[in-house]
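Novice: The task is simple: from the sequences and hints, build the whole structure.
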Amino acid sequence: MNTVSVNENPFGRKLVLACLLPILLVNIVAFMVPVLNLAAMSFRAASSTGSLEEGITVSTWLGLFGDGYYWSMVGRTVWFGILITIITLLLSYPLALFVSRREGSLKAFLVVVCISPLLISAVVRTYGWMVILGDQGVLPSLIRASGFTPPRLINNETGVIIGMVEILMPYMILSLLSGFGKLDATLEQAAGTLGARPFTVFRRVVLPLSLPGILLGCLLCFVLAVSSFITPKMLAGGRVSLLATEIYDQAIVTLNWPLAACLSVLILVVFGAALVLYGRLSKIVE
Amino acid sequence: MYLKVDSLEKRYGAFDPSVSNLSFSLAQGELLGLLGPSGCGKTTTLRMISGMVAATSGRILVGGHDVTGLPTYRRNMGVMFQSYALFPHMTVAENVAFGLEMRKHSKHEIAKRVESALAMVRLNGVGDRKPRQLSGGQQQRVALARALVFEPDILLLDEPLSNLDAKLRDDMRNEIREIQQRLRMTTIFVTHDQTEAMAICDRIVVMNKGRLEQIGTPHEIYETPATPMVADFVGRINRLKGTWRSDGAIDINGSMTIRASRPGARGAPVLVMVRPHRIGLVASGSAIPSAEHENVLAGTIRQVTYIGDTLQYSVEAAGARILVEKATTSAGDPFQSGAEVLLHWSEQDTLTFAADGER
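Chains B and R supply the protein sequences, listed in that same order. Counting from 1, one number per residue, gives the positions in the first sequence under this note's numbering. Counting from 1001, one number per residue, gives the positions in the second sequence under this note's numbering.
These are computed hints drawn from the structure, not numbers from a lab. All figures in this text were calculated on a predicted structure; none of them were measured in a lab. Hints may be right or wrong, so weigh each one.
Unchecked claim - Partner residues are not named here, just some residues of chain B that face chain R (Cβ under 10 Å, in silico):
id: 1; residue: 75
id: 2; residue: 101
id: 3; residue: 128
id: 4; residue: 182
id: 5; residue: 187
id: 6; residue: 189
id: 7; residue: 190
id: 8; residue: 194
id: 9; residue: 195
id: 10; residue: 196
id: 11; residue: 204
id: 12; residue: 205
id: 13; residue: 208
id: 14; residue: 209
As the list claims (entries may be wrong) - Covered stretches of chain R, as calculated for chain B (at least 3 residues, CB under 8 Å):
id: 15; region: 1077-1084
id: 16; region: 1090-1104
Claimed, not checked - Derived DSS-like pairs (lysine-lysine); straight-line CA-CA distance at most 30 Å:
id: 17; chain 1: R; residue 1: 1004; chain 2: R; residue 2: 1167
id: 18; chain 1: R; residue 1: 1130; chain 2: B; residue 2: 283
id: 19; chain 1: B; residue 1: 107; chain 2: B; residue 2: 14
id: 20; chain 1: B; residue 1: 182; chain 2: R; residue 2: 1004
id: 21; chain 1: R; residue 1: 1130; chain 2: B; residue 2: 182
The beta-carbon is built from N, C-alpha and C at its ideal position, and this holds for glycine as well.
Specialist: The structure is reproduced here in structure tokens:
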């Protein structure tokens, strides 16, 4: 982190504080308070009508810990997050590398093309995937037309993974591109002159130098994959329960806000773990 | 000849070729300079020799073997890049070891050779540091060690000194020459700086607009430049336009007569060039030593510029401005602006070029 030097200007420190104050207030009011509120709510109990009962209790937490259903859901959510992140990385990396090696207006154009899906809401894009992957959709029809039996591509885990990967690719590509800063064609040429074959150049030079971008992209995609609920809900057809969809169901359908709050805290813990891992790995990469 | 470059050409699309019809060769252990202004094709040539850029046509032979079609990694040439191109994620020792690892040497052998390579460039004890923790000069040495450690057939240096400050540049230049001679390493040195090239190269190839202008020793390049471009590029020079007379002298503006050692065809236009420091300067009316083979010209000093080691006089003579350089002495300027003087220089120092077709 760079620190702003404020010693040279006597008004500097006050000015910096004054500039930071609004965002600090917004963060406190709009972020810290709700999160603390959420944490507090996880220590309440809900009546069957959905209203909160008086008094503080750890019964929701105890129920959660005692129920293997939730543990397997946490495991599945993390596993899905990792799987989706890895597939997104594998598909995005060659693309990002290709784009980063173009120059000038072509490069700018390709970057815009790569991130243009972000201009369309994830809901709309997910509907698109429903049209393509649905039982009577484009892809299964094509497979049937060529004489094969199409596998189920929607209302199951496959559908969720396909949809999520496509939704997350722009984020991954952007992160990778921003992390390719240290990558320099001259370094690859230098490795070549030292006797490294193209694959060795990739393994020993390109890959290590793009690790910061890979880590950043993976963190971002993992967090987004774990927290997204619209796409999994629409493409899973209620057959794949993940933490985020479960929170939605508990809060909106079952009206069990304390349980939803507990699960939210759980998801925060998962994010915290991911952040710690990211920090550790970044240090090693440096 | 150890390295032979034969009618090499590089074209990008429909543009004029970056390099065309380029041929030269190097003996084993020779240091050859590729000298020219930016954009003259010298770096492209280096890249073709190293395999980083494919030649459009022509051949490159090393020790009699045609390497034109070989990929970079099979050419066994050490390259030192202008930006050094050290791997930022590896330590200095890992950088130097890279070429040896690619050649599958044993760990023990690699460690030994990395150590001696770093000692050769006087960088003992920095092996564990990252390149960014070193100064520019030190990074330079690492790059040199990395390019030499695997005993390449040929060493290619691409503007290796241009990122260093002036003082360091001279030291590094001499150090490169010393190491090159000690290892008897066949080397090509690309530069746009004629002093650098003259100081350390056995021979120099002067390039311009993708073509070879002249190849020769520094002495030949400086004393008998083949073209006005070469004469101009390797040092300051006066240019005068004239016409050959029937008696072998040159007429300039009808008011000045100059003799050269090699006369040309009568009536043909001629470009005369004289180096500023080869022109003698005496006060008007003085006797000129060995006047027989001297060109003598009367003029008036219009401007005197003192730059420490030399004095530059701008002299108006026969309607032209002629630059004269003299080494300074502690006694101070012998001539002031406005002084009437005689300029004189020998026929041997008078360079003549056919004026048509040259720039």
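Novice: Check the structure against each numbered hint from earlier and tell me which ones fail, lowest number first.
Specialist: 1, 2, 3, 17, 19, 20
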